[in-house]
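> Spelled out, the chains give:
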Amino acid sequence: MSSEMLLPAVGENEAPFWEAAAKGELRIQQCAGCERLRFPPRPMCPRCQSTESTWALMSGGGTIYSFVVPHPPLLPQFNDLAPYNVILVTLDEDPTIRLIGNLVDQVGDKINAVDPSSIELDKPVQVVFEQINDDIHMPRWLRV
Amino acid sequence: MLKDATAIVGIGETPFAKGLEPSECQLASEAIVAALADAGLEPSDVDGMASYTMESTEEVEVAKNIGAGDLHFFGKVGYGGGGGPGVVGLLAMAVATGRCNVGVAWRSRKRGSGQRPWAGAHAQVTPASAWTRPWGLLRPVDEIGLLTRRYMHLYGATRDHLANVALAVRKHANNNPRAIMYERTMTREDYMKARWISEPLCLFDNCLETDGALACVIVRADRARDCPHRPVYIHSASQGLPSQSEVMTNYWNEDPMRGPAWTCAEGLYRSSDIKPEDIKVAQLYDAFTPLVLLSLEGYGFCKRGEGAEFTNDGNISIGGRLPLNTSGGGLSEAYVHGFNLINEGVRQMRGTSCNQVKDADTCLVTAGEGVPTSALLLRN
Ligand SMILES: [Zn+2]
Numbered sequence: 032m033s034s035e036m037l038l039p040a041v042g043e044n045e046a047p048f049w050e051a052a053a054k055g056e057l058r059i060q061q062c063a064g065c066e067r068l069r070f071p072p073r074p075m076c077p078r079c080q081s082t083e084s085t086w087a088l089m090s091g092g093g094t095i096y097s098f099v100v101p102h103p104p105l106l107p108q109f110n111d112l113a114p115y116n117v118i119l120v121t122l123d124e125d126p127t128i129r130l131i132g133n134l135v136d137q138v139g140d141k142i143n144a145v146d147p148s149s150i151e152l153d154k155p156v157q158v159v160f161e162q163i164n165d166d167i168h169m170p171r172w173l174r175v
Numbered sequence: 004m005l006k007d008a009t010a011i012v013g014i015g016e017t018p019f020a021k022g023l024e025p026s027e028c029q030l031a032s033e034a035i036v037a038a039l040a041d042a043g044l045e046p047s048d049v050d051g052m053a054s055y056t057m058e059s060t061e062e063v064e065v066a067k068n069i070g071a072g073d074l075h076f077f078g079k080v081g082y083g084g085g086g087g088p089g090v091v092g093l094l095a096m097a098v099a100t101g102r103c104n105v106g107v108a109w110r111s112r113k114r115g116s117g118q119r120p121w122a123g124a125h126a127q128v129t130p131a132s133a134w135t136r137p138w139g140l141l142r143p144v145d146e147i148g149l150l151t152r153r154y155m156h157l158y159g160a161t162r163d164h165l166a167n168v169a170l171a172v173r174k175h176a177n178n179n180p181r182a183i184m185y186e187r188t189m190t191r192e193d194y195m196k197a198r199w200i201s202e203p204l205c206l207f208d209n210c211l212e213t214d215g216a217l218a219c220v221i222v223r224a225d226r227a228r229d230c231p232h233r234p235v236y237i238h239s240a241s242q243g244l245p246s247q248s249e250v251m252t253n254y255w256n257e258d259p260m261r262g263p264a265w266t267c268a269e270g271l272y273r274s275s276d277i278k279p280e281d282i283k284v285a286q287l288y289d290a291f292t293p294l295v296l297l298s299l300e301g302y303g304f305c306k307r308g309e310g311a312e313f314t315n316d317g318n319i320s321i322g323g324r325l326p327l328n329t330s331g332g333g334l335s336e337a338y339v340h341g342f343n344l345i346n347e348g349v350r351q352m353r354g355t356s357c358n359q360v361k362d363a364d365t366c367l368v369t370a371g372e373g374v375p376t377s378a379l380l381l382r383n
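Chains as they are written, first to last, in the working numbering: chain A, 32 to 175; chain B, 4 to 383.
One or more hints might be untrue.
Stated by the list, open to error - Here are some, though not all, of the chain B residues that point toward chain A, as calculated from beta-carbon distances under 8 Å: (1) G70; (2) W138; (3) L140; (4) R152.
I should point out that these hints are in silico values taken from the structure, not numbers from a laboratory.
Values in this document were obtained by computation on a predicted structure and should not be read as measured data.
Glycine is no exception: its CB is placed at the ideal position from the N, C-alpha and C atoms.
With the hints as extra help, turn the sequences into a complete structure.
If you want it as structure tokens, here you go:
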């Protein structure tokens, strides 16, 4: 993984997520009016139409909803890693909120380190953060 | 009311190939002129046009090339492969309400020789992709692969069920000289040995990459009866964008398996005399084999979770309960954002398909499941 890797686009909607991630916290946007969590972050609450929001601290726990193992042809930065895993994690706090990520055995491992045949759906995972640069700490997931 | 108020009276298409020489504009113009000739109409009769937002040939250019008359309607429908039947439905509304009298819908694409759409530098086309691509979920096949594995886990579907789809559709293509896979047969072993693209999906779960263009012509039902071919009536048309859904990465709601097909079907049957049990042939959008399983459920041919089982016992082949994608579909005829499914639906209603379903008097044509979608019910 190098500086050429695909970095997340961070706009005003996304910035609080990445600021929290840099502190090792998983935070999800929450309506200041009715407290509904929502993801991906956006300006208005679909339940009460409030445009005020805060960022709620999550436990970092979730379960594997699904996963894929991509093979080439891929973007160059991922071709060299393939086959690797991409998992979709349902957060413990809200079953409608799921995060894309990668399963690793320890922080800093490459995303192709886990044997894909060992990945099981509905198993619990816990978030960890891998520092990529000063601004971006990517969430990855460890099996509990 | 839209019901049976308009009809498709002409279809046209260019050859399909991995690489065609002419520009997308030329291919579009050729397909439209062919569709007009098929309808017994002149290019100067055209006063309405509709296509996909992803279509790169603009009305202005195409209209100039074909020698269209003054246009009174032009419009586009979004979401890529979710668009095809939506484009026809939009144009049918314009024709039915008198906004225009002779409408052409088209799609022209050099996907086979161009860059893959996901290969753009950062490919940040939707806000949601900021939350998926950096972890290596890059391509449509990866995005649908995630839903597929969950589906398999929930309902006990296997690769054999996905193979059922790929094999049935390939067999249909083997009877269709226009199909890219006309001369290429496939066995279950071929399928099982194919290379992975994104596990659990292999090469043959993916559609083709094709250059080509297609078009159809729509007029009001009274005028349709004067055209040379048997009119193919647009009985019902619908679009579906479910509450809290996403484009491709539809992961942020309670039930990602209940996708746009369900919403679209509700609108389709609400204004239809035709119900799923009346439908004897269907063209279901097949950019990926699992989309067919989800669509079988969403459009009411079986219950939730039974789409995989439905593909057994030759059910989706000629002679079965619901022959699917009888020209070879996106998997084996051509992948032109599903427009070939529309033209094949018309051929089935005319009785001129290479894999004609006996006594078929209605045909369902759907757009992409997994994106805001659309569908048509055609009848003869
Ligand atoms: Zn709210």
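> It remains to establish, for every hint, whether it holds in the given structure.
Do the hints match the structure? See the list:
With its C-beta approaching chain A no nearer than about 41 Å, G70 (chain B) sits outside the 8 Å limit, and its interface hint is violated. Interface restraint check for W138 (chain B): the shortest CB-CB distance to chain A comes to about 5 Å, inside 8 Å, so the restraint holds. Because the closest C-beta pair between L140 (chain B) and chain A is about 5 Å apart, less than 8 Å, the hint holds. Hint on R152 (chain B) holds. Least Cβ distance to chain A is approximately 5 Å, under the 8 Å limit.
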